[in-house]
Structures are given as structure tokens and as C-alpha cells.
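A.B. asks: This is what each chain is made of:
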Amino acid sequence: MNVPRLFHFTSFLREFPAWPRWGLRKQQLSLPSIPLFQAARRRNHLDLLSLDEAELKEQFVRGDGPGGQATNKTNNCVVLKHIPSGIVVKCHQTRSVEKNRKIAREILQEKVDLFYKGEDSDVFKEKKALEKKKQEKKRRAKENLERKKLFKEMQQLDKK
Amino acid sequence: MRYLARPLLRRWLSLSPQHVPGQLSPSEGGVLSPKQSSLRQSCSARPGLVTATDMVNHWQKVFETNGIPEARESSQYIVSFVLGAKTFQSLNSKSLCTPLTEMQQEQIQQLSRKRLERMPVQYVLGEWDFQDLTLKMRPPVFIPRPETEDLVSLVVEEESQKCANSGLSIPVPVPHPVILEIGCGSGAIALSLLCKLPQSQVIAVDKEKAAVDLTRENAHRLQLQERIHIIHQDVSHSSAKQFLLWGPIDVIVSNPPYVFHEDMASLDAEILRYEDLDALDGGDDGMSVIKTILALAPSLLKDSGSVFLEVDPRHPNMVEHWLHAHPDLLLTLRAIHKDFCGKPRFLHIQKQSR
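So the protein lines, in turn, are chains A and B. End of the first sequence = 160 in my numbering, gap-free, step of one. End of the second sequence = 354 in my numbering, gap-free, step of one.
Heads up, some of the hints might be wrong.
[Claimed, not checked] Dumping the calculated DSBU-like pairs for lysine-lysine here, alpha-carbon to alpha-carbon at most 35 Å:
hint, chain 1, residue 1, chain 2, residue 2
1, B, Lys196, A, Lys81
2, B, Lys61, A, Lys57
3, B, Lys343, A, Lys102
4, B, Lys94, A, Lys127
5, B, Lys94, A, Lys81
6, B, Lys94, A, Lys99
7, B, Lys94, A, Lys132
8, A, Lys102, B, Lys302
9, B, Lys94, A, Lys117
10, A, Lys102, B, Lys196
11, A, Lys57, B, Lys162
12, B, Lys114, A, Lys99
13, A, Lys149, B, Lys94
14, A, Lys57, B, Lys136
15, A, Lys57, B, Lys94
16, B, Lys207, A, Lys99
17, A, Lys81, B, Lys343
18, A, Lys128, B, Lys94
19, B, Lys94, A, Lys134
20, B, Lys338, A, Lys102
21, A, Lys127, B, Lys196
22, B, Lys94, A, Lys125
23, A, Lys99, B, Lys61
24, A, Lys125, A, Lys137
25, B, Lys94, A, Lys138
26, A, Lys99, B, Lys338
27, A, Lys133, B, Lys94
28, B, Lys343, A, Lys99
29, B, Lys94, A, Lys148
30, A, Lys57, B, Lys196
Hints are computed from structural coordinates only; laboratory data are not their basis. Treat the numbers as computed from the prediction; the structure is a model and nothing was measured.
Produce the entire structure from the sequences given, and follow the hints as far as they go.
C.D. replies: Structure follows, in C-alpha cells:
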């Protein structure tokens with residue numbers, strides 16, 4: 001399968017921080033009886049492969065401390081790995097851990113879908129359509145500019 | 001206290017007036033002291049345009065030198081805040097490369113000075129996020145911890161399942177759960193619940209006036225003041241009937257002080273210096289307020305009503321034993337839920353129906 005290299009996964013992976021002082025909390029996300037997280041089956045209008053929580057590994061920079069009230073750490077970064085494909089997403093877009101976890105899953109879902117489906121992925125198709133639109137817009141703008149230039153030149157000629 | 005900021009900062013931040021729009025030059029009545037303006041002139045040869053990334057790197061070094069924990073995160077949050085963003089990662093590449101104005105740099109410096117005093121970032125910025133809400137933060141009112149977001153989700157899930165399980169073929173009006181939060185602090189839990197359960201009403205109680213005031217302020221900012229009743233009261237010295245004015249309670253929720261007293265001294269300076277220690281200290285076994293809540297619960301709750309508590313990971317067993325020792329309360333520990341770090345953190349206790 002041809003995995004297109006259209007996307008730069010690193011756009012979401014800033015440099016990996018050195019976490020020697022905190023250590024890493026590797027958590028196998030076990031599904032509690034109440035599913036606090038359900039990776040969406042359909043993300044907006046896109047038809048994407050659903051993520052299985054059992055195949056995900058989540059890390060938080062929390063250190064080994066007691067957590068809860070006893071600490072006040074502000075690092076809410078979530079690192080989410082899809083084990084079968086090895087794709088990793090790092091999300092620190094908001095100041096809420098819960099929201100970052102949700103967003104991380106959405107981003108990961110897109111990347112995983114792209115990974116397995118390649119050009120058949122809705123993610124790929126949507127991006128391609130956007131690129132095309134952009135190119136069209138550029139082309140039309142260029143054309144307009146040239147037309148105006150020509151018009152001006154002709155006006156100059158008329159004056160003489 | 002070692003403080004590298006001033007000389008380094010002055011040099012670093014000196015900009016030649018023509019490069020930065022909107023910056024006052026001395027002739028325009030700016031308030032530069034002679035020393036500052038000479039520094040500026042000496043650096044005008046250096047086209048020192050300061051970007052957000054530069055500022056983050058600079059203040060990270062300053063914080064590290066001064067032993068401030070989470071040096072990079074603190075610096076990122078402060079710079080992002082001044083640029084109008086929540087986190088550094090959410091800034092687009094354009095913002096990262098745009099030179100900062102004099103005013104922005106000044107603001108960053110002012111905020112960073114507070115952080116150098118070990119003030120928690122949330123108090124430095126005066127705000128923080130909890131789930132979908134941005135709430136005002138003010139010392140010494142307890143800062144909501146990220147784990148507590150899951151406590152809210154548990155309550156929401158329980159109330160949602162109640163509606164689903166009604167299972168009647170005839171349509172029933174959507175229930176209006178009455179929720180009591182004990183120890184509301186900044187209002188994080190109460191206001192989140194009001195947002196996620198649009199039919200609910202919340203009674204929020206706190207023994208500290210500062211917390212009551214802050215919750216009220218946040219409620220107004222979020223336009224939720226009509227659905228929340230905020231009471232200034234110490235539950236240890238209360239009778240149940242004060243909280244029954246809106247009928248029996250469906251859910252009691254609390255993030256009570258649960259730190260073991262012996263652990264208080266080892267808390268970070270950020271907490272010890274700025275937060276209300278009464279919001280943390282749960283007594284010798286960390287359970288003094290937990291017990292108060294559970295003792296009060298049966299006279300407040302409807303049958304099959306629930307109590308949701310955030311606790312220390314050592315508490316689940318202790319609470320279970322305590323409930324067995326007090327069977328007259330008719331409360332059962334129904335479930336223990338883990339937080340996102342895998343620690344047992346949340347208790348779901350239910351009142352048995354008679």
C-alpha cells in the first residue's frame with residue numbers, strides 16, 4: 001500500500017521534551033465500566049476507521065507523585081500512541097487534560113485512517129480537494145493580474 | 001533570591017525604535033529613564049527583534065536558574081496568554097515569528113515576576129480552564145486539578161444513564177436533577193455540571209467567603225447565575241435542612257480536602273504559599289470532611305441518590321470499611337473509578353432505597 005507523504009506528522013510533534021525529572025507514566029488505558037472516551041466513528045462528515053482504546057497507549061507528563069490535590073502541575077500535554085501502526089500524536093492545544101485527550105484521539109484517528117487507507121482515505125481526499133481549490137484560486141488571481149496589466153498597457157498605447 | 005532577569009532582560013529587550021511600531025521613543029514622552037534609553041541606544045545596532053519563541057526560551061532559562069518548577073511550561077503559558085492563546089502549541093507559526101510589542105514584553109515580564117515568587121501559573125494568569133470552561137482564579141481559592149474533570153464526567157454519565165434507563169414507552173418529562181456540591185472553590189465542578197446537564201440545578205456550598213465570591217463571579221461570567229444557589233456555610237456545623245430548600249438531592253458531588261495531615265508539609269511551595277490549606281487538609285487520615293459528607297448524605301439524598309467523591313488513592317478501602325462500620329447510614333460503595341494516571345481516585349456511593 002502506498003502511504004502518501006503528503007502530511008508532515010511532525011506538525012503535531014514538536015520536539016519531544018526531555019522528561020528525565022518527571023519520568024513517564026505509561027498507562028494502558030483500561031476501559032472503565034463507564035466509557036469516558038469513545039473515539040468517534042464518524043468525525044464530522046469524514047468516514048474514518050474507528051480507534052480501539054485497547055490498542056492505544058497514553059502518556060502524561062505527571063511524574064510519579066501522588067497526583068490529585070497534592071500536586072499542582074500545569075503540564076497538560078497528552079501523548080497518544082496507536083500501537084499497531086506506531087503512530088504517535090502529541091497534543092497540548094488546550095489547558096484542559098480532558099480536551100487534549102479528546103483532540104489527540106481525533107488527530108490520531110485521522111492519521112491512522114490515512115496510514116491504512118492511503119489515497120482511499122477521506123482525509124487524503126479532503127486535503128487533496130482543498131489543495132486543488134487553493135491552486136485554482138492562485139491561478140485565477142494570476143490570470144486576473146495579467147489581464148489588468150495588459151489592459152493598462154493598451155491604455156498607454158491609446159494615449160500616445 | 002538569584003534574579004538574572006533585569007540586566008539580561010534589558011539588553012535582550014532593547015529595540016531600536018524604528019523597528020517596532022507603536023513603541024514610544026524618548027522624544028514622544030516615553031517614560032524611559034536615562035539608563036534605559038542609553039541601553040536601548042547601545043543595542044540599536046543589534047536588530048534585536050524579540051519573538052514569542054525568544055521570550056519563552058529566555059524566561060525558561062530565568063525560571064530554571066531560580067529553581068522554578070515547570071520552567072518551560074510556565075514560560076509558555078505566560079507568553080501564550082499575552083498573545084491571546086491558551087497554549088504555546090496552539091499558536092500558529094506566524095504568531096511565533098512576529099516580533100512582540102513593547103507592551104507585550106512588559107506584560108510578560110510582570111507576569112513572570114509573579115511566577116518567580118512561586119505563584120502558581122493559574123493565579124499568575126488569573127484564569128484557568130476546566131473542561132470547556134475558562135474560569136477566573138484568585139488566591140487563595142483552590143485551583144481545580146485536571147483529575148477532577150473526570151469526576152464531572154462521571155456525574156454527567158450517571159445522570160444521562162438515568163434518563164436512558166427510564167425505559168418507559170410513554171414520554172416522561174426530562175428530570176431536573178438537583179445537585180449539591182460541597183466545597184465549591186472556584187465553581188469548576190458546579191458550573192461544568194450546569195453546562196453539561198442543561199436541566200439541572202446546583203446548590204454550591206463553601207465555608208470560605210473568598211470561594212463563595214469567586215464561584216458567584218464565575219457563574220455570572222458564564223451566565224449561569226440563575227441555576228446555581230451559592231451558600232456560605234461550613235457543612236461540619238450545618239444541619240441538612242439548609243440544603244433541602246430545593247427538594248431532596250439527586251447527587252452530592254465533592255472534591256473535599258483529602259490530603260493526609262502528615263503529608264501537608266511536603267506539598268510544593270506553590271500550594272503551601274498561595275492556596276487555602278483548609279481546602280486540602282483532610283485531618284489525620286485525610287477523611288475528616290469525607291466522613292462529614294457521608295454522615296450528612298442520607299438525610300439529603302433521595303432514595304437511590306448518589307454521592308460522588310474525589311479522594312486520595314488510599315481512601316477507597318478506608319471508606320468501604322467505614323461504611324460497613326456505619327450500616328445505619330444505608331450507604332453502599334458502588335464503584336471505584338481510576339483517574340487518567342490509573343490511580344483509584346473517584347468513589348461512587350449510593351443510598352439504598354428502603
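A.B. asks: Next step is simple, just say for each hint if it's right about the structure.
C.D. replies: Each hint, compared with the structure:
Between the alpha carbons of B:Lys196 and A:Lys81 the distance comes to roughly 29 Å, so the proposed pair stays at or under 35 Å and holds. Annotation: proposed proximity of B:Lys61 to A:Lys57 holds, straight-line Cα distance about 32 Å (limit 35 Å). For a cut-off of 35 Å, the pair hint linking B:Lys343 to A:Lys102 stands: about 20 Å separates their Cα positions. Between the alpha carbons of B:Lys94 and A:Lys127 the distance comes to roughly 21 Å, so the proposed pair stays at or under 35 Å and holds.
Taking the CA atoms of B:Lys94 and A:Lys81, the gap is about 29 Å. The hint holds against a cut of 35 Å. Distance hint between B:Lys94 and A:Lys99 is fulfilled; the C-alpha atoms sit about 24 Å from each other, no more than 35 Å. Only pairs whose Cα atoms come within 35 Å are accepted, and B:Lys94 paired with A:Lys132 is accepted, the gap being roughly 23 Å. Only pairs whose Cα atoms come within 35 Å are accepted, and A:Lys102 paired with B:Lys302 is accepted, the gap being roughly 34 Å.
A distance of roughly 32 Å separates the Cα atoms of B:Lys94 and A:Lys117; the hinted pair therefore holds under the 35 Å criterion. Restraint check: the Cα-Cα separation between A:Lys102 and B:Lys196 comes to about 16 Å, which is no more than 35 Å; the hinted pair holds. Taken as a hint, the A:Lys57 and B:Lys162 pair is honoured in the structure, with Cα atoms around 31 Å apart against an allowance of 35 Å. For the proposed pair B:Lys114 and A:Lys99, the alpha carbon gap of about 28 Å is at most 35 Å, so the pair holds.
With a CA separation close to 31 Å, the supplied pair A:Lys149 and B:Lys94 stays within the 35 Å bound. Our distance criterion of 35 Å between C-alpha atoms is met by A:Lys57 and B:Lys136, whose separation comes to about 33 Å. Between A:Lys57 and B:Lys94 the CA atoms are separated by roughly 32 Å; this keeps the pair inside 35 Å, and the hint holds. Proposed proximity of B:Lys207 and A:Lys99 is supported: the alpha carbons are some 31 Å apart, at most 35 Å.
Between the alpha carbons of A:Lys81 and B:Lys343 the distance comes to roughly 20 Å, so the proposed pair stays at or under 35 Å and holds. Annotation: proposed proximity of A:Lys128 to B:Lys94 holds, straight-line Cα distance about 24 Å (limit 35 Å). Distance restraint check for B:Lys94 and A:Lys134: the Cα-Cα separation of roughly 19 Å lies within the 35 Å cut-off, and the hinted pair is therefore satisfied. Distance check on the hinted pair: B:Lys338 and A:Lys102 sit about 18 Å apart at the alpha-carbon level, within 35 Å; holds.
With a C-alpha separation of about 33 Å, the suggested pair A:Lys127 and B:Lys196 falls inside the 35 Å cut-off, and the hint holds. With a CA separation close to 27 Å, the supplied pair B:Lys94 and A:Lys125 stays within the 35 Å bound. For a cut-off of 35 Å, the pair hint linking A:Lys99 to B:Lys61 stands: about 29 Å separates their Cα positions. Using a Cα cut-off of 35 Å, the hinted pair A:Lys125 and A:Lys137 holds, with the two alpha carbons roughly 18 Å apart.
For a cut-off of 35 Å, the pair hint linking B:Lys94 to A:Lys138 stands: about 21 Å separates their Cα positions. Note on A:Lys99 and B:Lys338: the hinted pairing holds, with a Cα-Cα distance of about 18 Å set against a maximum of 35 Å. Pair hint A:Lys133 plus B:Lys94 holds up; C-alpha atoms about 22 Å apart against a cutoff of 35 Å. This hinted pair checks out: B:Lys343 and A:Lys99 have alpha carbons roughly 20 Å apart, not beyond 35 Å.
The straight-line distance between the Cα atoms of B:Lys94 and A:Lys148 is roughly 31 Å, inside the 35 Å bound, and the hint therefore holds. With a CA separation close to 28 Å, the supplied pair A:Lys57 and B:Lys196 stays within the 35 Å bound.
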